[in-house]
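Asker: Chain residues, written in single-letter form:
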Amino acid sequence: MAHDNKYAYTIEGKMALPYQYFAGATSSKFIVALRDEKKILAVQGKQSGLTYVPPRQVCDRTFEHLEDNWVEVKDTGVVTNFTVIRYEEPYQPMKPPFVIALIKLDGADTPIAHLVSCDDVGDVAIGMRVKAVFAEEAVNTILEIQHFVAE
Amino acid sequence: MSKNRNVGIIGCGMSKFSSHREEVNQPEMIFEAVEEALADAGITMDDVECIVHGNMELFEMVHQPDMWHALGTGTRGKSGVRLTTGGTTGATLACAADNLVASGLHDVVMAVGFEKLQEGHTTGGISNMADPLWGRKLQAGALTGTTALQMIDKFGEERAKACAMKHRVIMDEHAALNEKAHRCFNLERSFITEMMDASPQLVGELRMIHMCSQSDGACVVIFASEAKVEEWKKKAAWVHDHETVHREESIIFTEEKTTHRVSAERIYARNGITNPREEIDVFEMYDPSSWWGLHWLGEFLLLDGDEHLQMVENDEICINGKFPVNPSGGVVASNPIGATALVRVAEAAMQVRGTAGKHQVPKPVHKALASGFGGTMWSTLMLLSDEKLNLEEAS
Amino acid sequence: MSEANTEQELIVSRQILSINQTFSTGPVMGRFLIELRDNKRIMALRCSANGRYLLPPREVDAMSVTEGDEWIEVGPGGTLREYDVVYYASPDPLTGETRDVPYVIGWVNLDGVEGIAPLWHLVEADDISKIKTGARVEAIFAEKRSGTMEDIKHFKLIEEEA
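Protein chains in written order, with this note's numbering: chain X, 1 to 151; chain E, 1001 to 1395; chain F, 2001 to 2162.
Do not rely on the hints blindly, as some may be mistaken.
What the hints assert, rightly or not - Computed cross-link-like contacts, BS3-like style, restricted to lysine-lysine with a CA-CA straight-line distance of at most 25 Å:
1. E:LYS1154 x F:LYS2130
2. E:LYS1154 x F:LYS2132
3. E:LYS1078 x X:LYS46
4. F:LYS2132 x F:LYS2156
5. F:LYS2132 x F:LYS2153
6. F:LYS2144 x X:LYS6
7. X:LYS104 x X:LYS131
8. E:LYS1388 x E:LYS1235
9. E:LYS1003 x E:LYS1235
10. E:LYS1388 x E:LYS1003
11. E:LYS1234 x E:LYS1358
12. X:LYS14 x F:LYS2153
13. F:LYS2144 x X:LYS14
14. X:LYS6 x F:LYS2040
No wet-lab data here; the hints were simulated from the structure.
Can you make the complete structure from the sequences, with help from the hints?
Answerer: Here it is as structure tokens:
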């Protein structure tokens, strides 16, 4: 028996659930240093020689523990890739159009994804030098660096 | 039943189970279990070919956690599969890992189950399993008092309640022997009625004290082919069989057999087990509450009268009893849901391999059974042994 | 592995994740809900292959793996087969709001159903301690109905004459 599609309609619903996320000791140390000291901390692999920003507990290549081998990297770096966001959603950190870039900080081997603030998104390019601008009020996230600007 | 080749469990690892793991994020907590399992197996990540990962997204609200967790699971550059089947997730991971090795596709597969329940709302997350147009508003997570109601009807209020609490206390005694257990209250047998009465009701006669914990934790089990087990000269817990039985409804009211009973009947029949209470040496059961633990004991052992109540009353299910159940303390002691059913497999394997430490049962363990439960009354069983399957005979 | 420094400040982010959704009824659940809305009728879908009643109806009966093919009006009276008195306050997953407790969920085998096919809904009574397995209940329809499960407000306990 074929069921009759004239009876089909849609009902509006919602999924709403509370949740929390624990950054853990390693990431917390990174966020607190950004917030309280305006310092960008990284971890370094003794076997791999790689310097990771943001820091992580374990190197996924060598499986060595990294969380006790902290180094500081510079608040300046280079854009290794970027994209321009042109659509608008309520949760976005900036008003479109804006730029999310991969930025390799001076002293780091891995790039960090972050915002680049600029008057004209057309000015952003791979290889562009940028500098971190720290947030004035504590937010306890990676947005302790509010965004990067051209150096 | 036929299996292409033998599969052995050669390593197990678990993080500490707790409701306070603020000091580690998800991949970091998983890594604790990965590190322990690799050490237990005496191998390195380079020896592992494939990672089977599982949990339930609605508990932490992280989409595609397997990608983020690569930092902890070591899956970078390796084969990977993600599975999620509700409470049975951990059991499904074990079944899949067994299948991946038995098929010949991989020689060494690592199953990784995890949950960080403190990061979300467990009951709210589970309620989303129900039909959004009818049941979702009615579902109280995994909480139900219907089993208590049925057991009280069948065995009398006083006996049923005392038995459920005795089950709870025995699990607590076992948890005291397991350093990984989330909760151990040092409950005393002489205060059973007082403890029950003082415990808040959740749903009907299901009280807080009967119910499992909400835990953070990860579990890792390493499965290897017979050739690898022999090459590395490992003591293995051999996977003889597994069985999964599904239903469509979340609660079943007909007089039909439960999925637990059907899965048990099938696995016993295929493996020539005629008297499970005599032939199986230890049972790690997914017991989300003491009411379910008590009821399901009868289902998994295919009992019809009140024998499962007697087994609790006469201490038969204690660690030093004739048919030990959950020497680890079971799910009422620790429940990181996506890991929980894999913990049952790990604990059963540890009993076969003799590596359970203080909660090792004080008798030889030749055969161990592990169960998983979840979804819409889904049931999964895995049978482990200290002896390899005779593949010619089995096929 | 280094021990966690208990003096260290640990960052926790707390949020409510809220996603708007649109659910499709499909022709079968749609017909069931429209019957509630327009006619205050509870329609079960019967599968003629094995005689099983599906409530709420589903396109396919999982036991016989055939389509339900016969609509049959059942209820509004029925017998309570099982019930749960919920004391634990959990969020309504459709709104995120915490519900008042205690409330009672019942599985009602509606009059006219052959065999066992309980419909799931709220049960209300002046005194919830009077709610028992086997009690008679009746569906109470909402005044304003919109084609959702709330078109049945709840099942009301029919108290027996003393």
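Asker: For every hint, state whether the structure bears it out.
Answerer: Hint check:
no.: 1; hint: E:LYS1154 x F:LYS2130; verdict: holds, 20 Å
no.: 2; hint: E:LYS1154 x F:LYS2132; verdict: holds, 15 Å
no.: 3; hint: E:LYS1078 x X:LYS46; verdict: holds, 23 Å
no.: 4; hint: F:LYS2132 x F:LYS2156; verdict: holds, 12 Å
no.: 5; hint: F:LYS2132 x F:LYS2153; verdict: holds, 20 Å
no.: 6; hint: F:LYS2144 x X:LYS6; verdict: holds, 22 Å
no.: 7; hint: X:LYS104 x X:LYS131; verdict: holds, 11 Å
no.: 8; hint: E:LYS1388 x E:LYS1235; verdict: holds, 11 Å
no.: 9; hint: E:LYS1003 x E:LYS1235; verdict: holds, 20 Å
no.: 10; hint: E:LYS1388 x E:LYS1003; verdict: holds, 12 Å
no.: 11; hint: E:LYS1234 x E:LYS1358; verdict: holds, 22 Å
no.: 12; hint: X:LYS14 x F:LYS2153; verdict: holds, 20 Å
no.: 13; hint: F:LYS2144 x X:LYS14; verdict: holds, 21 Å
no.: 14; hint: X:LYS6 x F:LYS2040; verdict: holds, 19 Å
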